[in-house]
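Peer 1: Each chain is listed here by its residues.
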Amino acid sequence: MGYIFTILASFAGTLISAVSMHTVFSLMGIFFLGLPTVVKISMYALAISQRAGISPELSFVIAIIVALIVSFLFALLFSRVSPDSFVVLGLASLIATEALLKSWDKVTNGVMGITGVERPFFMSQLSELAVIVLVVAVLILFVEYFFLKTPAGRVMRAYREDSISLEAMGVPTKRFAQTIIIVSGVLLSVAGIFYLWRIQFLDPSTFGIPILIEIFTLGVLALSPKVRMVAIAALFVTFVPELLRFVEFPSWILGYARTLFYALLLMVLIRKLSNNYTVAKRTI
Amino acid sequence: MFFAQILLTSLVTGTQVLLLAAGLYLIYTVTRVFHIALGATMIAAAYGFYAVSHGGGGFWGAFGVGLLVAAMLGVVSFYILRPYINKSQVLLALLVSIALGTAIESIIAIGFGSEGKFLIESVLPTIEFLGLRITQVGFWTLIVGLITAVTAYIFLYLLPYGRVVRAVAQHRECASLLGIKEKRVRLYVFIFTGILAGVIGILTGMNSAITPLSGFHPLILAFIALLVGGVADFKGTIVASYLLVLVPELIIANSYGGVSFSASWKMVFVFIIALASLSIKPNGLFTKVIRKT
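As given, the protein sequences belong to chains W and U, one line each in that order.
Using the working numbering, the first residue of the first sequence is number 1, and each one after it goes up by one.
Using the working numbering, the first residue of the second sequence is number 1, and each one after it goes up by one.
The reader is advised that the hints may include incorrect statements.
Distance condition first, Cα-Cα at most 27 Å in a straight line; then the derived DSSO-like pairs of lysine-lysine [what the hints assert, rightly or not]:
1) U:K281 - U:K235
2) U:K87 - U:K181
3) W:K226 - U:K87
4) W:K174 - U:K281
5) U:K288 - U:K183
6) U:K87 - W:K174
7) W:K149 - W:K226
8) U:K181 - U:K117
9) W:K272 - U:K183
10) W:K174 - W:K106
11) U:K87 - W:K272
12) W:K272 - W:K226
13) W:K149 - W:K174
14) W:K174 - U:K288
Think of the hints as simulated: they come from the structure by calculation, not from any bench.
Produce the complete structure using the sequences and hints provided.
Peer 2: In C-alpha cells, the structure reads:
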C-alpha cells in the first residue's frame, strides 16, 4: 500500500511540475534552466524555518515567499541578458547554489543535509499527503485549462510563435514573460515542497541536473498547447521509469540508469517533436 | 610571495578554463550553439586514459585512447546536433547537448562507478623556481595552453583552411556558394574541440581526482568566461578566464576571522561576478555597443 501512495504522490508532484514546464517552456518557449535553483532554495527555506522552530504550515508560506523572490530575480535577469546568457546563467546558478548550500554549513548543515523535515498535522500520513497533493495538482491543472481560454491565455499561446506581433498589438510581452517565469518558479517550488514532505530529507545535491533533464522531458512531451498533454506527460514520466525497478540492477546503478533513460528519451523526443516547436513558415 | 603563488596557481587553472572556452568559442562561431556536452567529452577522455593506463597500456597508449574517445564523441556530438544546427534551433540544440552530456556522464558512472579516480596515484612531482611551486602537470598545462594558442592563431589567421573556417563562421550560405563544404568544416571543428577537451580532461585528471560529473564544473566556468568576455570577442574571453579564477582565489585567500571562506565558496563568487558583469556589460567586457535602428 505504501508503494501505491508513494507513486500516487510522485505522480501528483510530477503533474504540478508538468504544468510549470508547460507554461514556461512548452507554451512560452523560455529556456528557464534556473528552475531547479528556485525549487532548491525554497525547499531549504522550508527546512531551515522548521529547524528554527517555525510550524510546517508557516514554513510553507515562508518557502513560497522565498520562491517568489528568487523567481523574481530570475525574471529581472531575463530582461537584462540575452537568451543564451539566461540559459547558461541558469545552469551556473545550479552549481553556485549547490556550492553555497554545501559551504554555508552553519545554516544548511552542509553536505550532511537536513533530516526529519516535518509534515503539517493534516498530512502526517503518507496516504493523506498523497491525496492532498493529488487534489492540489488537479486544481492547478484545471486553473491552467481555464486560464488558457482567457485573453491572457491566448497571449501565452501566441508568445512563442510571434512575440513581435503581440508587441505590435500593445501586449507588454517582456512583462508577461517575466510573470510566467515567476509563476512557473512558484509552481515548481510547490511540487518541490510536496516532494520534500514526502521524503523528509534534504541535501545540497537534491534537484540537480537529473531533475533538470526530467522536467525538460515533461516540457518537450507537453509541447502541444492542449492541457491533456500535460497529464499524459506526467503519467509517462512517472510510470515508465518505474519499469526499471523490475530489472535486476544494483541499487547504485538504478539512479544513473534512470538519468540515462531520461537523457536518451529527451534527445529522441526533441528529435521527433522539434518540428512542432518551430513555427511553420507560411508560403505565399 | 604569497600573492605570486596564488597568481601562478590561478594561471594554471585559468589556462584550463581558457582552453575549454576556446573550444566552446570555436563551436559557437561555426554553429551558434553552446555545446554543453563538451564537459562530458573532456571527462570521458580522462576515463579512457584511466581504463588503458590501469590495464597496463602505458602512458602514450592511454593518452592516445583518451584522445580517440574524445574525437569520437566529437563526431557523435556533431551528428546528433546537426539537424538543429541546420534549422538554426540553437536553444533546442543546447538542450540536446545537455541531455547528451548527461547521458555520457551516466554511462561513465554505470561503467566505472561514481567514486573518485586518480590518473596518477603517486605523489605529484613538483617544480620549484624563485620560491614558487608548481606541479609538473600544471607546468605542462601552461605549455599546452601556449602551444594551442600559437597553433590556433597560425591555423585560423595564417593558413588557407583557417580562412575557410572563418568564412563558415561569418556566413555559412555565402561559404557554401563559394564551394566550401561547410558541413565538413563543422565536423572538423567538433573533432578538434573534442580532442582539445580531451587533452584538458587528461591534464585535469592528473592533477586531481575525477568523477563522472567533474567535467560539468569547469565547463560552466568556461561558459561564464565566454559570456562575461563576450561571445564575439575572444580577447575578452581570455581576460575573463583568468579573472574568474583569480578574483575568487584572492577573496578566499584574504578572508579571515568571522568572514573566512573555504575553497568551496569559489563557484558562489564566480556566479556573483558573472551576474554583476553581465548586468552591467551584457555584451561582454570589451564589446562596444552597436547602435540599433
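Peer 1: Which of the numbered hints above does this structure break?
Peer 2: Hints 5, 8, 10 are the ones this structure does not satisfy, whereas the remaining hints hold.
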